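Enquirer: Chains as they are written, first to last, in this note's numbering: chain A, 176 to 306; chain B, 116 to 613; chain C, 4 to 447.
None of these hints come from the bench; they were simulated from the model. Given the structure is predicted, the values throughout are model-derived calculations rather than measurements. From the three backbone atoms N, C-alpha and C, an ideal C-beta is built for every residue, glycine too. Some clues are possibly wrong.
Examples of chain C residues toward chain B, derived with CB under 7 angstroms [said to hold, decoys possible]:
(1) ALA22
(2) ARG391
(3) TYR415
(4) LEU418
Below, computed lysine to aspartate or glutamate pairings styled on EDC-like, alpha-carbon distance capped at 20 angstroms [said to hold, decoys possible]:
(5) C:LYS176 with B:GLU430
(6) B:LYS481 with B:GLU506
(7) C:LYS402 with B:GLU220
(8) B:LYS130 with C:ASP303
(9) C:LYS351 with B:ASP167
(10) A:LYS242 with C:ASP303
(11) C:LYS42 with B:GLU340
(12) C:LYS287 with A:GLU237
A few chain B residues that don't get close to chain A, going by computed Cβ distances all over 10 angstroms [said to hold, decoys possible]:
(13) HIS308
(14) VAL343
(15) PRO415
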Amino acid sequence: MAAAENYPADLKYHSEHDWARIEGAEAVFGITWKAQDMLGELVFFQPPTVGATVAKDGAYGEIESVKAVSDLVAPLSGKVVQVNDKLKSAPETINDDPYGEGWLVRIELADPAEADALLDVEAYKQLLVEE
Amino acid sequence: MSEWGELPLIFERSKAGRSACSLPHYDLPEAKVPGNLARSEAPRLPELAEPDLARHFSALADRNFGIDSGFYPLGSCTMKYNPRLNERLAALPGFADLHPHQMPEDAQGALELCFRLQEALAKISGLDAVSLQPAAGSQGELTGLMLVRAYFADRGELSERRKVVVPDTAHGTNPASVTMAGFELQPVKTDAHGNLDLDDLRRVVGPDTAALMLTNPSTLGLFEEGIVEVARIFHDAGALLYYDGANLNAVCGISRPGDMGFDVVHFNLHKTFSTPHGGGGPGAGPVAVRRELEPFLPVPRIVRREDGSFALDSEQAKSIGRVRGFLGPFGVFVKAYAFIRVYGPALREMSEAAVLNANYLLARLKDVYELRYDRLCMHEFVLSACALKREHGISALDVAKRLMDFGIHPPTVYFPLVVPEALMIEPTESESLETLDAFVEAMRRIAAEAAENPELLHEAPHDRPVERLDEAAAVKRAIVRYEFGASAPASGQPAAST
Amino acid sequence: MGTGYLALTDADREAMLAAIGVASIEELFVDVPEQLRLKRELELPPSASELEVERELSELAGRNVPVGRELSFLGAGVYDHYVPAIVEAIVSRPEFLTAYTPYQPELSQGVLQAIFEYQTVICELTGMEVSNASGYDGATVAADACFMAAHATGRKKIAIAGTVNPQVRQVVKTYAPGFGLEIVEVPHSGGVTDPEALLAASRGAAAAIFQQPNFFGCLEPAPDLARAATEAGALAVAHVDPLSLGVLEAPGAYGCQIAIGEGQAAGNRLSFGGPHFGFLAAKKDLIRRMPGRITGQTVDRSGRRGFVLTFQTREQHIRREKATSNITTNQSLCALAGLVYLSWLGPKGLRELGETCLGLAELARQKLPVREAFAAPSFKEIAVRLGRPAEDVVREAKKLGVNPGYPLGRDYPGLEDVLLIALTEKRSPADIERLAEVLTEVLA
């Protein structure tokens, strides 16, 4: 069911176990394999509304499993342009494919330079070892 | 497993046109409700005659496990024996049929019972004034924090004092109460010895601190060795100390929260003082305070007048107000009071037995399960199934489920959060040595099974009406009431004949 | 002595101390600083045998005047309805009485299924889609509803009708500062609430709370009040009498999003104010905001139907500081009594009971030598003007063995001469005759 542990090299990572895929002026957010593993089977995703502003390091929604609920932390600032509606009926997609089908939101970046403050995959993996 | 059978819901036993009730028929004038206010569709309440009602609930009871069913070592819950004397006394018509709006002069016995209970709780806690009003421990906590809030507002300090310090081992109600009372949470760490990290504490406590919320002994079952210093740190900063009384069973008659330096205390009458848990309540969460906080207690207060009679006093200008209807859950007070009267000062023996029982289990289990903090415990202790997880893939949950096959209710699992694969065990003073030994045998057996036959544990329990339930499906499907019009029981098996 | 509850013998203790490796029980308390050890006995009355405790508490009970020792028409939020014997037989089953909260579902299918049935019954009565497993009482569930509404709407004001039970309003006011809420009360006019006034007060409010029947026993224009709330963008919250819902419309059917109330009248004795239970039910889009426990249906690994606590992430033990409430122990056994009682009644019994209450109130109107204070129709309570302070009338009537009701002047300035008389099925036409006689005599 759930994916095998993996952390794609082409993503940027936030210490709260959220990832960002930067695509020009936009970025896609999601949670890492570690996050979905800690939470367990996901049952509910509370997204922000399209058009809402998100701030780097701020909470932009919630993700819920049977045993825990967690804030989603925005790796970058911007405006929400798209939300993954598929997760409404199948939140467990996040467990199966946290970096692909399990993407959460797409935003229009407010300040692309913020990406410099994010971790690359090696730094994130190092963080996981230390925890 | 199959001998249990599927149990119908009461709505599935229902048949139109019958009922269990009998109501008096009076000759009455007609009285109609105006059309737009009148009921349009009858509620689909069950329709059964009384014999089937009795059978249905009897069948439900047969599928439930209480303290009378067997050992129930749920840490932090104090599952001690619920004396039946207490039930008989709470049901006396002079108590059970007394209307709360009755004139105080015709409720003197009830008011006196409340007053005496207040006095007893004040003595046990070593504090000065008590309110019985809060309906449960968590409401007692919230009330306590509201008292802290009122105290600082009265002194003009509330805008500075925003933070309540809570240890990382705290019961989940503590942070929730902090939020509900309008404060901010300031977590503090526990050190390797199981005490509050005093360096961390000194770092976080300051002029913006309102209070500490602490359980002592902690949820690890360990007495806070530095409590005198902890109290000094907070009092020097002008802050208060709040005691979560969930673990009071360890220290009654041995040490008093007031002497430890606490300013506000809540009690759980349904834990320490034996009132029954009822499957999730009712409980009671009275609070006791130091003299300085008395003006803020909820109203009405129960007072004794000069002539010895009892009255209700709502003229307390600084009171935080009312937190619950009437004087609180009076029926629960009767039970707790009776329990305290049976013991008297021998409550000390109760706590000693609780601590002895816990240490005995600890001594006999710590070689088989991991113990994080190598100290004597108080009335409860926390083991870890970490080694079993690592070596055999057996979790605390698996251990818990397998215990059910031995006729034992599992301990609390996965709490406190600082211990992974936690098993929090609280035997209470009610248990005999034979029961404790049987528990030890079961736990040791399970540890052996983890190595020999892990599948047995993964598939436990084996002898209950249901196997492990899909909790994720419960949330996703959100069936939270009976779906009228849906067909026969989900499994397709014939309904049990009870 | 308490040793009747303690099973360890001296020999047991010795063996246990040896196994632990200490010489005495005293040594187990080594972590308790010397200066904190109590050096004397607790100052409590000496321990007593069971029969002595029974004697003491019977004496205390004997100094109260329960219903049964006077003819009582007291109501005002808590009611003397008949509790059938089957209720007590079921709630005294030890498997229900002595069980904890059902966190281990395989051992608790009895309680879990009972809660599921209770949730269903509450939804049926109120016309709502989700109910929790109970709250502390009818007053604290109002605070819970305010918390829910504030989080759901983001608004920080609550409008509440002045005809809502005073204790409910008091509790809401106590909780409000911590929630950061402003409370606005809407005074009654003619014993009921004016929808226009509620509309005005509800602008910018998270919720508007009204009571049906209200504290005066009067029937509010409930659908209009719900509409007023909704028009102002607030959630409409009805505080209702569960035993009225066989003859009065369900709040869910006339535009309310939340229904709350005091459940005591359903199967729980008066008990000087508690323990009772509050109920809280709502439309399903509010399920994630709902405080307290919720039981859900699911299946086990073999496909059997079973019940579990669900939506637990909202509760204190997972979300901690972000919980929708700090409630843990609620009122499970009292709610079970409510379930048994409502099942005993069934839909026809509930309707019949409601009609009896309506008929008794009408009979009282006709027979009593006093006029009503308000013109509005009522359910099982009537407010009457005595022309004299009600507190005095009550004292004098009690000398004649009748407690005629609740003096409204305790909570409402200007209503000192108004008495609130409750008529449940335990009062017969003969009882009403007796009340009429006594009032005639006292008011002469």
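Enquirer: Against each hint, give a clear statement of whether it holds in the structure.
Expert: Comparing the hints with the structure gives:
Taking 7 angstroms as the C-beta contact cut-off toward chain B, the hint placing ALA22 of chain C at the interface holds, the least distance being around 5 angstroms. Using the Cβ-Cβ criterion of 7 angstroms, the hint placing ARG391 of chain C at the interface with chain B is not satisfied: the shortest such distance is roughly 17 angstroms. Checking TYR415 of chain C against chain B by beta carbon gives a least distance of about 15 angstroms; that is not within 7 angstroms, so the hint is violated. Hint status for LEU418 of chain C: violated, given a least beta-carbon distance of 15 angstroms to chain B, over 7 angstroms.
About 17 angstroms separates the Cα atoms of LYS176 of chain C and GLU430 of chain B, which keeps this hinted pair within 20 angstroms; it holds. For the hint linking LYS481 of chain B to GLU506 of chain B, the alpha-carbon distance of about 17 angstroms falls within 20 angstroms, and the restraint holds. Between LYS402 of chain C and GLU220 of chain B the CA atoms are separated by roughly 13 angstroms; this keeps the pair inside 20 angstroms, and the hint holds. With a C-alpha separation of about 28 angstroms, the suggested pairing of LYS130 of chain B with ASP303 of chain C is violated against the 20 angstroms cut-off.
Using a Cα cut-off of 20 angstroms, the hinted pair LYS351 of chain C and ASP167 of chain B holds, with the two alpha carbons roughly 17 angstroms apart. For the given pair, LYS242 of chain A sits about 17 angstroms from ASP303 of chain C by alpha-carbon distance, which is consistent with the 20 angstroms threshold. Distance check on the hinted pair: LYS42 of chain C and GLU340 of chain B sit about 19 angstroms apart at the alpha-carbon level, within 20 angstroms; holds. For the hint pairing LYS287 of chain C with GLU237 of chain A, the CA-to-CA distance comes to about 19 angstroms; that is within 20 angstroms, so the pair holds.
Distance check on HIS308 of chain B: its Cβ is at least 23 angstroms (rounded) from any Cβ of chain A, clearing the 10 angstroms threshold; non-interface status holds. Every beta carbon of chain A lies more than 10 angstroms from that of VAL343 of chain B, the smallest distance being close to 35 angstroms; the non-interface claim holds. The claim that PRO415 of chain B is not at the interface with chain A holds, since no C-beta of that chain comes within 10 angstroms of its own (minimum 39 angstroms).
When the structure is compared with the earlier hints, violations turn up for hints 2, 3, 4 and 8 and for no others.
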